[in-house]
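Chains as they are written, first to last, in the working numbering: chain U, 185 to 593; chain W, 5 to 183.
What you were told as hints is all true, and nothing was included just to trick you.
If you want a taste of the chain W side facing chain U, the calculated C-beta under 10 Å gives, among others: (1) V38; (2) A45; (3) V49; (4) V69; (5) I76; (6) A138.
Derived Cβ-Cβ restraints for the label pairs, each shown as a range: (7) U:L500 to W:F153: 41 to 51 Å; (8) U:Q576 to W:V167: 13 to 23 Å; (9) U:T203 to W:F10: 28 to 38 Å.
In case anyone wonders, no lab produced these hints; they're calculated from the structure.
The beta carbon of each residue, even a glycine, is placed where N, CA and C say it ideally should be.
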Amino acid sequence: MISALLSVDPLLDGKLLWTPLIIVLVKVLIVFVVGLVATMLMVWFERKVIAGMQNRVGPNKAGPWGLLQTLADGIKLFFKEDLLPERSDKFVFKLAPYLTLVPAFLAFAIIPLGGDFRDGKGGMVTMFGHQTRLQLADPPIGVLFALAISSIAVYGIMLAGWSSGSKYPLLGSVRASAQMVSYEAALGLSLGAVLLVSGTLSTAGIVNLQTSVGRWNIVATGFVPFFIFLIAATAEMNRPPFDLVEAEQELVGGFNTEYSSIRFALFFLAEFMNTITMSALIVTLFFGGPQPITIGNTTLDIPVLPNALEGTVWLLLKVLVFLYIYVWFRATLPRFRYDQLMDLGWKVLIPASLGWFMLLAAQRVGRDAGWDQIVVTLVSALVLIGGYALLQLAQKVSRSNREKDGASF
Amino acid sequence: MELVVFVLAAAMVLGGALGVVTRANPVHAAMSLVLTLFGIAVMFVSHNAHFLAAVQVIVYAGAIVVLFLFVIMLLGVDESEDLSVEPIAKQRPLALILGGGLVAIIIAAVVTGRENFASAGGALESATLESPDANIRALARSIFSTNVFAFEITSVLLLVAVVGTVVMARRMKSLGTGK
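Take the sequences, apply the hints, and build the full model.
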């Protein structure tokens, strides 16, 4: 049975040997350290880019270009006084930061971090005579693991707000739970579109299919699921413009008001780690992950570097684009009002992702059954338009009902 | 190794279940429930049902208990209850009898149906490197072809529940003193 548990990594197939075990341990260590260092750099990157967008200099004193500013802040936070509010639920209060941090790191385990996916090699690399992937784990449930992790990540924030024993953090955590549960549906449905096109759950398998720009899932799924995923992921991470959880103008500081010292640092760390993980997940799902950029038959090849390492470079470049986009969001978009947030989630994103999912499914069924693709697309589009009209009608009726009751929204 | 995994998961399940009924604070009880659900997910994984484990975590731990917590926090019933008071008389002995009966029924079902379990589990395919999705395919084929009617009927049931909730919530608002 235990071999069934471990057989998902070819390294651990069969007898447990020392070399594979050490390779796996080294992989765990590398993923953990890379995660921490990347988070540190991400904080610096965000502050620098936002400073640039606001015509400021940003951190520039600690280390070259202020690179060590985060380290200095981290050390400062470590040595600050650790407050435990008197009315707090002590155990839960101490537990909550870890509940936030651990999922942030866990989700990183399924991202393919490199490897050679060209010519059908499937991302396998040979290390000391053993075949392995440049990815910590490739569980049979693949991307669902990320979904499961992001759905339990809400506990940390929720319990942090509740256990603080004061009003504003509680409001922040109630907002967090409602928001994250609402956007999870849109996230899952747009993910479903990717799974429908790829036909596999494994992240390495999904990357393996996206051999050229034309076959990247963003094109293959028809762009809409990507935008829905991007928006829903932003809401899921509580990043601006969906950061109602820590709306400082309304909630003092949000769910983390009562936290100080290292516990606060853990929340901070988890938030930035989540940003990196989600960016990497978007790249994996929609932009071919570590695959090099290939248009038609021409591949942009980085000379000198071996193909497996080149994958890492490509992944890094693509992730950087999304990290920049997230910072850009934060610098330019004002925060949503709470009812706007719920409207966007329930009335726009969920119906849109569901409709698009059904369109893709209909096309797929049509292809399998040998129907005319144009007719299938037209008929599904008509059905979708009908559904949209019905939805608009229902919303109009409910709005007029609300106005009759005296509501003003 | 198999035994170790089982014992750990079982300890999680039982510990969580005990916590749900014995903790005085509803939030703690809900967290104990999460522990139980995770234990069950571990059991699923150890029986090669990876997909069920993922769904268990996403749906139960990730959505349903979050909703429980949401309601608990929103209604402000998160103060500790005095467990020595019995709100409904004779509730506890009755619960004990019914619980005992349920355990007896489950044990009887397991004992009499053992052979069937073995044959039903045989349909599960284990994940391999070539096709990690074999299990999900088998499950999907079963749900969407053999049992598609039951599946669709369940969704109607859920829809009715949702409509019922909305109707009840709205009627209360128009009759009450809310607006």
